[in-house]
Amino acid sequence: MPCAVLRRARRRNDLLAKAASKSAASSKKNAEPAVTDSAASDDNFALRSLQDEHARQKRFDASTEEFLEFYQKMLLIRRFEERAGQLYGLGLIGGFCHLYIGQEAVAVGIQSALDEGKDSVITGYRDHGHMLAYGIDPKIIMAELTGRQAGISHGKGGSMHMFSTDHAFYGGHGIVGAQVPLGAGLAFAHKYREDGGVCVAYFGDGAANQGQVYETFNMASLWGLPIVFVIENNQYAMGTSVKRSSAETHFYRRGTAFRIPGMQVDGMDVLEVRQATEIAVKHVREGNGPVLMELSTYRYRGHSMSDPAKYRTREEVDGVRQTRDPIEHAKAELIERGIAEDKLKQIDADIRARVTEAADFAENSPEPAPSELYTDVLVGSY
Amino acid sequence: MSIELKMPALSPTMEEGTLSKWLVKEGDEVKSGDILAEIETDKATMEFEAVDEGTIGKIVVPEGTEGVKVGTVIAVIGGDGEAVSAPAPAAAPAPAEAPAPAPAAKAEKPAAAPAADPEIPAGTNMITVTVREALRDAMAEEMRRDDRVFVMGEEVAEYQGAYKVTQGLLEEFGAKRVIDTPITEYGFAGIGTGAAMGGLRPIVEFMTFNFAMQAIDHIINSAAKTNYMSGGQMRCPVVFRGPNGAASRVGAQHSQNYGPWYASVPGLIVIAPYDASDAKGLLKAAIRCDDPVVFLENELVYGRHFELAQLDDHVLPIGKARIVREGKDVTIVSYSIGVGLALEAAETLAGEGIDAEVIDLRTLRPLDTETVLKSLAKTNRVVVAEEGWPQCSIASEIVAVCMEQGFDDLDAPVARVCNEDVPLPYAANLEKMALVDAARIVEAAKKVCYR
Ligand SMILES: Cc1ncc(C[n+]2csc(CCOP(=O)(O)OP(=O)(O)O)c2C)c(N)n1
Ligand SMILES: [Mg+2]
Numbered sequence: 001m002p003c004a005v006l007r008r009a010r011r012r013n014d015l016l017a018k019a020a021s022k023s024a025a026s027s028k029k030n031a032e033p034a035v036t037d038s039a040a041s042d043d044n045f046a047l048r049s050l051q052d053e054h055a056r057q058k059r060f061d062a063s064t065e066e067f068l069e070f071y072q073k074m075l076l077i078r079r080f081e082e083r084a085g086q087l088y089g090l091g092l093i094g095g096f097c098h099l100y101i102g103q104e105a106v107a108v109g110i111q112s113a114l115d116e117g118k119d120s121v122i123t124g125y126r127d128h129g130h131m132l133a134y135g136i137d138p139k140i141i142m143a144e145l146t147g148r149q150a151g152i153s154h155g156k157g158g159s160m161h162m163f164s165t166d167h168a169f170y171g172g173h174g175i176v177g178a179q180v181p182l183g184a185g186l187a188f189a190h191k192y193r194e195d196g197g198v199c200v201a202y203f204g205d206g207a208a209n210q211g212q213v214y215e216t217f218n219m220a221s222l223w224g225l226p227i228v229f230v231i232e233n234n235q236y237a238m239g240t241s242v243k244r245s246s247a248e249t250h251f252y253r254r255g256t257a258f259r260i261p262g263m264q265v266d267g268m269d270v271l272e273v274r275q276a277t278e279i280a281v282k283h284v285r286e287g288n289g290p291v292l293m294e295l296s297t298y299r300y301r302g303h304s305m306s307d308p309a310k311y312r313t314r315e316e317v318d319g320v321r322q323t324r325d326p327i328e329h330a331k332a333e334l335i336e337r338g339i340a341e342d343k344l345k346q347i348d349a350d351i352r353a354r355v356t357e358a359a360d361f362a363e364n365s366p367e368p369a370p371s372e373l374y375t376d377v378l379v380g381s382y
Numbered sequence: 383m384s385i386e387l388k389m390p391a392l393s394p395t396m397e398e399g400t401l402s403k404w405l406v407k408e409g410d411e412v413k414s415g416d417i418l419a420e421i422e423t424d425k426a427t428m429e430f431e432a433v434d435e436g437t438i439g440k441i442v443v444p445e446g447t448e449g450v451k452v453g454t455v456i457a458v459i460g461g462d463g464e465a466v467s468a469p470a471p472a473a474a475p476a477p478a479e480a481p482a483p484a485p486a487a488k489a490e491k492p493a494a495a496p497a498a499d500p501e502i503p504a505g506t507n508m509i510t511v512t513v514r515e516a517l518r519d520a521m522a523e524e525m526r527r528d529d530r531v532f533v534m535g536e537e538v539a540e541y542q543g544a545y546k547v548t549q550g551l552l553e554e555f556g557a558k559r560v561i562d563t564p565i566t567e568y569g570f571a572g573i574g575t576g577a578a579m580g581g582l583r584p585i586v587e588f589m590t591f592n593f594a595m596q597a598i599d600h601i602i603n604s605a606a607k608t609n610y611m612s613g614g615q616m617r618c619p620v621v622f623r624g625p626n627g628a629a630s631r632v633g634a635q636h637s638q639n640y641g642p643w644y645a646s647v648p649g650l651i652v653i654a655p656y657d658a659s660d661a662k663g664l665l666k667a668a669i670r671c672d673d674p675v676v677f678l679e680n681e682l683v684y685g686r687h688f689e690l691a692q693l694d695d696h697v698l699p700i701g702k703a704r705i706v707r708e709g710k711d712v713t714i715v716s717y718s719i720g721v722g723l724a725l726e727a728a729e730t731l732a733g734e735g736i737d738a739e740v741i742d743l744r745t746l747r748p749l750d751t752e753t754v755l756k757s758l759a760k761t762n763r764v765v766v767a768e769e770g771w772p773q774c775s776i777a778s779e780i781v782a783v784c785m786e787q788g789f790d791d792l793d794a795p796v797a798r799v800c801n802e803d804v805p806l807p808y809a810a811n812l813e814k815m816a817l818v819d820a821a822r823i824v825e826a827a828k829k830v831c832y833r
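Chains as they are written, first to last, in the numbering used here: chain G, 1 to 382; chain W, 383 to 833.
No wet-lab data here; the hints were simulated from the structure. Everything numeric in this text was worked out from a predicted model, so none of it was measured.
Coverage of chain W stretches by chain G, computed from C-beta distances (three or more under 8 angstroms per stretch; other residues unrestricted):
hint, stretch
1, 385-397
2, 406-418
3, 802-812
Restricting the straight-line Cα-Cα distance to at most 25 angstroms, the calculated cross-link-like pairs of lysine to any residue (SDA-like) are:
hint, chain 1, residue 1, chain 2, residue 2
4, W, K413, G, E333
5, W, K403, G, P308
6, W, K546, G, P308
7, G, K243, W, E554
8, W, K407, W, G460
9, W, K546, W, G446
10, G, K345, W, G460
11, G, K191, G, G289
12, G, K282, G, F67
13, W, K407, W, T447
14, W, K814, W, S775
15, G, K331, W, E411
16, W, K451, W, K546
17, W, K413, G, E341
18, W, K403, G, S304
19, G, K310, W, K407
20, W, K440, W, G415
21, W, K814, G, S304
Partner residues are not named here, just some residues of chain W that face chain G (Cβ under 10 angstroms, in silico):
hint, residue
22, A426
23, M428
24, E431
25, V433
26, I565
27, S630
28, G633
29, A634
30, M815
By construction, the Cβ of each residue, glycine as well, lies at the ideal position given by its N, Cα and C atoms.
If we strip away everything but chain W, and leave its shape as in the complex, we get (with noise of 0.2 angstroms):
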């Protein structure tokens, strides 16, 4: 019996990868455990284990193949037949039972061009970089620049990060300043905080922000609350940073967003940009900041690819909502991954003659509601979309504002349009369903615009 081998999905976000190397050739034996090939994915290189024993049948796709797609058929084994009992793997399953595509399918799509950052003068040079990449370039520019700052937290230094944003970190900075922890959030926050109050300028990496809840006390209150309780002596510069929010079908433990429980502390910053350039500008204004930060980023976005301008020190203003889209029928607020859904909801709007306007918050404390107030008193019509629950949100609050401060503005009601009021499920049925998408976002301007 022969055996289709399929191109591996390796990673939870990974579509596609490449074929670096085949360790096997055509007419070998393979056992189960011998490397057949290492596949390049999103995020690393991983070897590709064989499960059957046989002989290597068919070779067919060869090495140094790129973007070949997960479940694509790379090579046939021809098995013993009496150690494989298993059947060949069906091809794919039941369209009704078919996973939902991963959420990343996105990532490939270049991100709509967002309007040009005010700060940037025009005629700069542009470049291409994933919101990784220009993670890691601000926190190596900020060590180069300032001997304080350090980065500690789980698997920064040798392995790179869990996420690969403290890439060759420790190979340029060393270990006194890239440090891996045991897996010890609250003790390592703690040490984090104090070191602030000692004068150093640490990064705290939580692997995510769901374990950043074994240290919250730490943020809250050693971090936040020291400088006014202190009468202004003590000052805590640290830089808690990490991913938040839904991944891809991680469950319910490892998908929240703490945008708005941070949002909801005075005496923290809470930063959670969208694209490459303002993850760059505002982690080094963060760094530089002498308050305590809290920088949410978002796993499903450190892949996406942005333009950035080639600065010598690109630092953004810390507080600044941003105009991603001018529009002049409704406005949409969002922040961190939600921009790139509004982004694309404004896309399909504007084919059914819907003028939208997008509005990335940036940062969520304090609040820019400046911006907010004068998009509507434009577009008289608000719609936020937050990938996030929807009780006591940073959706209900920008509600709040519009109500309380922009109410003679408001030709409608303000939306929200959030995740489903439920633990995220794992199922990829019920997890699609529970996330906010686009598709709601142009529903909700319909609704808010009377169409």
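Extracted from the complex, chain G is given alone in its bound form (with noise of 0.2 angstroms):
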């Protein structure tokens, strides 16, 4: 052991000696020490080699079947979403509720390239569109919204707090930044398991602050875990700007330290993010280790209902609205690739009528009966 010891230090020394004359011998002023030199460039290409894959080909090459069915999930997500704001004014949504119009392409695009029910998903409290985006039917999705004994958890979960198991999505969550260990420990499973499958966590700007998810980078790194760090950056955590809380806001270099390989995507396109989404998936499933992506996208509405949004101007959102809406993008494509306009309202309508099914449902449904306030605390009974 001394000896393997002693080996590295004199294997240290060698390659000091050789920065120093290097470094010497560069007449470049800022010329950094020759063992980062050496060393970054090798660890920059692994870090950056997915970037490098994905600006090969930036766009996923979608058949015009495909790309509709995103589009009517993407728009799915969004009538559901402003229906959802309109029950809340009549009260029959409380508490928090957390809206993810704007941020439509994101969870189409990121879940249409996993393999469903094997794959596994976890989130924060801003849920409803990765649920919408696993096909998970909108009524109870509704009726979990209005606290009803119909809801995905029978009422008892709410707006933040949603599950499906069948489909593998793990929720949900109320605490910024607890799905990202969590996440990881889906990823430990499906190694454990070996299972094949692997995990997609998505986490925002602000919850990548906390430092539980750099705990997490580190282990899923040293070991191997198959997961997708997914950071949906829309820009803010409820009235923080990402300037104000970030010292690096290019957040797909969060993972660096960790040997982690970033990609920044467009979260604005759906292609573009499903495209992103395979090549980090591959990686991933092949065996690689973790794969960090930082989605920049944007949310229209406020952090949750009850936010006056007074730290950003009407411009600043009507601007990205007109200029970088993922729906009407793809809708405008849509049309270029020859759909007709009256098949896209017809489509607009049935959506409509399909959210406005959910909310009527969502509203005439029962409430949860009393004995519900008992079930599910613990599994055993003892």
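Put the two chains together into one complex, using the hints given.
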């Protein structure tokens, strides 16, 4: 053992000596020592390799049929969330309710690339969109929002706490950042059971500052866990803009210290999101350890229903809506591809009808039975 | 098809609001996303967005109208029939399914007048303030008085506080002393604790105490134990404050009462006031205190109005309970939001010929057992009301104290009235069932009176 220590020490000395001679020889003013130079260029290659691969082909080559499917899912999320906002205003939804409007391309693009039911997904409290992207019935999601027995958690969870183990969707967590280690735990289970699944753990730009995120990055990388960390950078954590909360605002770089490759992705373009996810998931599924994706996106509404959103201007919001809206872009592209406007109108009408049906169901179905209060506290009886 | 626009609920606790301004007029075309009006809620001025498309038909409630109840029709939109496939929102849902009225309904009632606090001289000028204002004023006064005092936490500065408790502080004291943190509770609780060790007087705000669980290691291992471990060399005068307990339908992860947790830790001071006067006087005392203080507020109480003595320096003693209503038949002990329920129960009991004494513990550690035992000696019967779980609660502590030190005075077993022993559910009906209320306190009081 002392031998090994010695050997390592000697090697380090060699490197330092080499570094010294190289930097002495170098005439560059700010030349970095060779030791970081050579190591860093290696690392940077590994850390940038996925980004480079993505740069070679930015967007997913979707068939028109696939593209229409993405469009419909995004539109369903939008219309569902608008209606949820309305029901909140009517007092049918209470507590905290965080809408996903503006961010639809993220969940739809990512989850379309997963093996549903095999790959696991986990997120925070802004979770309606991720449920809908997995094709979970809007009726039981809306009924959860209104706190009814038919809701997916029997009305006991509400907006922030929805789960569907059938779809390997693990929630729905209210504590900012908590889903990150939980996601790594799901990934740990995939690896342990050798089931070939990967986990996608979504979290926000604000959550990205929690300490447990970095503890998780270290372990996930150290143990080669099959997980894609997805930062949904919607530019704000409640009223705090990214630049007011974060020393490093390029979130995709935040895995560097843990040797986790990062990818910077336009989260307002569903095809780009899908393509990037394919690259990330392939890397992870092949046993290469975690990937960190930063998706640049935007939330149009307040943080939750009670946020007056005075920290940004109306113009800023409208600007994003007008220039980057994921649904409007997809629509324009579909028209370019030859889809008739009438057909798109029909799709919108159908989706509105589905959402109306969900809202009526959620409004008219009964509240949980009083006995539900005491069920599911523990599994066993003691 | 025309659509009725109703006064929206724009926060979990909003019951009514002011329609400050219409940004559209009759005949205007609107589309989804357009701002229709500005509405002032209990916390903020909000923009009211259109969801449907159409033409503003009639403005029913003119701008400037105050106290518009949630659900009142404020305008009518004529839809264009095509884009709007949604029916007009149904009127009130069938009674069986109607969500229970938010508990904040009680907020509107003037809180029962507590007996005058002994420390305030009679004849002092009284003003009416909310608990929210009282807390803010306490911090502002202490910051003026002592430049070592600063506030840090999530959204405390530019946003003016998630619950508006730090409103105006940034403006007066600047960014050096009113500091927005990232969402990193463990980190900033540690920084606050370290700054206290380094000679400052930090006030660390948690957006709610649910999130302080991220940081509890520093509150307990670093703040509470260091003075002892260092043989009294290392002081830690930090205040950890924020809302605690259930709010309104925010679910299991956002609704816990941590009073019993912190109150079990030697080395901490734990304060949980109810009314504005105690909130102000005790927060000022907490900031001046040389020990680490956990100061537990309650979101549902922030907006309630109370009388406050206009004194230059309103500081109250830590560790003293207060008799907020005198009575002779039964003692109801409570703290924080439970005090309001206990006073309500006492009113009901009075109507049935039972004269209840209500004690507000105010400080949970150190616990003022003397006041409780004295009252027990007078009434011979005790009920403890607590918005929190029953097991290992403040209520169980009071039961133990009465049994150990007041056994001979007891004419009946002490009764605990707590929340149901389950994580708090979201559904309106289940939440209501799970939370302690005045009716259950009345029932328990009658039981210990054998009535
Ligand atoms: C530990 C913790 N601290 C604070 C909060 C309160 N809170 C809820 S969401 C939020 C902002 C999170 O922002 P971000 O991570 O960017 O996600 P976004 O809401 O933008 O989706 C805060 C501070 C919480 N729920 N948990
Ligand atoms: Mg964010």
